[in-house]
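Participant: Just need the whole structure built from these sequences, with the hints factored in.
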Amino acid sequence: MTATLTRPASARQRKPGRKPGRELARRRGPAAWITLTALVVLTVGILVPFALIALNAFKPPGQYSAHGPLSLPDGFYTGGIQTFWDTADFGRALWNSALISGCVCVFAVLLSILNAYALGIGRVRGRTWILGAFLIANFLPQEGLVYPLYDLAKATGLYDSQLAVIIIFTVIQAAFGTYLLSSVLSSFPTELLEAARMDGAGRARILWRVVVPVSRPTLGVLLVFFFIWTWNEFFLPLVFLVSNSNQTVPVALGTLQGQHIMNPLTTSGAALLGVFPTIIFFLIFQRTLTRGVTVGAIK
Amino acid sequence: MTVTAERRRSGAATRGAGTGAGAGTRSAPYLTYLLPATALFAVVIAVPLVMNIYTSFTRWTGVGPRQWAGLANYRQLWHDSEFWASMWHSLALVTAMAVIPTVLGLLVAAALFDVIAKRYSERTASFLRACIYLPQVLPIIVAAIVWGWILDPQYGALNVALRDIGLGFLAHDLLGDPHTALLTVMAVLVWFQLGYPVVIFMAALQRTDPALSEAAEIDGATWRQRLWSVVVPQIRPEIYVVLLTCTVASLRAFGWIYALTSGGPGVSTQVPSYYSYQSFFTDLDVGYGSAIATVMTLIIAAVAVVFLWVQRRHAG
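Sequence lines, in order, name chains A and B.
Just so you know, we're using the working numbering here: the first sequence kicks off at 19 and counts up by one.
Just so you know, we're using the working numbering here: the second sequence kicks off at -9 and counts up by one.
Calculated directly from the structure, the hints in this document are not laboratory data.
Some hints here could point you the wrong way.
[What the hints assert, rightly or not] Coverage of chain B stretches by chain A, computed from C-beta distances (three or more under 8 Å per stretch; other residues unrestricted):
no., stretch
1, 149 to 162
2, 215 to 225
3, 258 to 268
[To be verified] Residues of chain A clear of chain B, computed beta-carbon distances all greater than 10 Å:
no., residue
4, Asp92
5, Tyr165
6, Ser179
7, Leu181
8, Val230
[Unchecked claim] Take a look, some chain B residues computed to stay more than 12 Å from chain A by CB distance:
no., residue
9, His69
10, Leu202
11, Gly210
12, Pro255
All C-beta atoms in this analysis are idealised placements derived from N, C-alpha and C, irrespective of residue type, glycine included.
Facilitator: Right under this line is the structure:
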């Protein structure tokens, strides 16, 4: 999780255009071919479950029982997906997930900016300890917080409400965002800050007009990560969102699985529907990442 | 994370030189920016953390008053074979999610970087990397559902395929047999986790100095010697980050156990995370669940502190 964020940072340091020696590059001895074969076999093995989902999600029900999971589908049948969509109220779950993850990523980035401004640029006293506390908070197991939070939510009428989940994940994600953004902002170009100060800009103005626009690439990356991480969360949403109409995608899938009412076709349909949004995020995330990297390189 | 942390240090040095004294007094007004986070952290993290520890010293069903029980829950934990089993299984999950992926990921990343990218093409290397990373983008619960279906004893793809190709005698209820359940979960976790270290290590290898490796090669060092003595020391920060985040992730393997085995058969795949959940919401033994969660919290905090300490020492 953390390390995916390392990627833009270290990728930025990559020296482009460094070519390995020509002679070495063309030496494809038996060892090289064996390595290639081993890696291809490994990759194919890793992809098998994805292929199985794709193969079975649209298979007519009779065919699965007659010819099993490995046969090629002899028709295009959306019944499995349809059944799952209806039983799980999947459209609703998608909306809930989008709403919760959307709110969390925006709020968490805002909170991270405020904290990082004080810690990274304001350099308030004791910031090392404060940062350490944020980092530890991010690592804490949710199991150690869940029951008191559940109790608290019940006492305040927030149990089974999406607001509770949004607040909790805003804080958890902001813990990481603060840590990362503070490191980034502590190397913020001093000249820019001084210039703004000389122009008579106050602290708040400098934050919104100078710091935020300049750090936009990093904020974009954080926004995407927070969205995906919140989307994939299971444990706390499972505890907090009990009624079907409030559930997120992972919780809807998980509770159906727990009820053991799934057959192979609905399972692969469910898996396909569950995989689909994350593949889209993956593509968006690749773009954001590349953009972050190029902007960093221009500077 | 590490890279930015290093940058932070150098940034701090230049800033310190530039702004000089007076930074301490000038920083006080910035405290207002920390207020919203402080309030939210108190409510969402600090208070629940303390309440959980307090509850672990009581008997409580979740309703009515808590009864002070002193160390009774912890004494019970000490003699609880299911708890000890769950701790051992945690070690197995650390092996599957941190140790094996780190070692295997290092080998795969080095092979992609040294052999595939240089002797075949960069494109092949990044394509293979993307494929290996793919499981990581799945929500855990979706991945667990897929594997639960593949491994189903009756209609699951694995056993059906074995029967189809005449190897029916190998067909086995892998998750339903206490002897194979944990190993099967471990194998699935390796599948899920491998892409993460591969991606990180490949990024790390980009910043290593090729001259060092070439010099070692001229001196007659084998590939393995070069990897271990030249490359690994250079990418040590990334190795620490991967080990730390993977270890923490493996101690929180709730989703996998919930969807794949529910801790069974018997207690053969029970983990502290799922055990505490069961104590909280199934057994309504909230004090006991809190004690398990407190032990987990302490272990994870200790792991994090040790890793950060070792990392700082090596960063010098």
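Participant: List, from low to high, the hint numbers that the structure doesn't satisfy.
Facilitator: 2, 5
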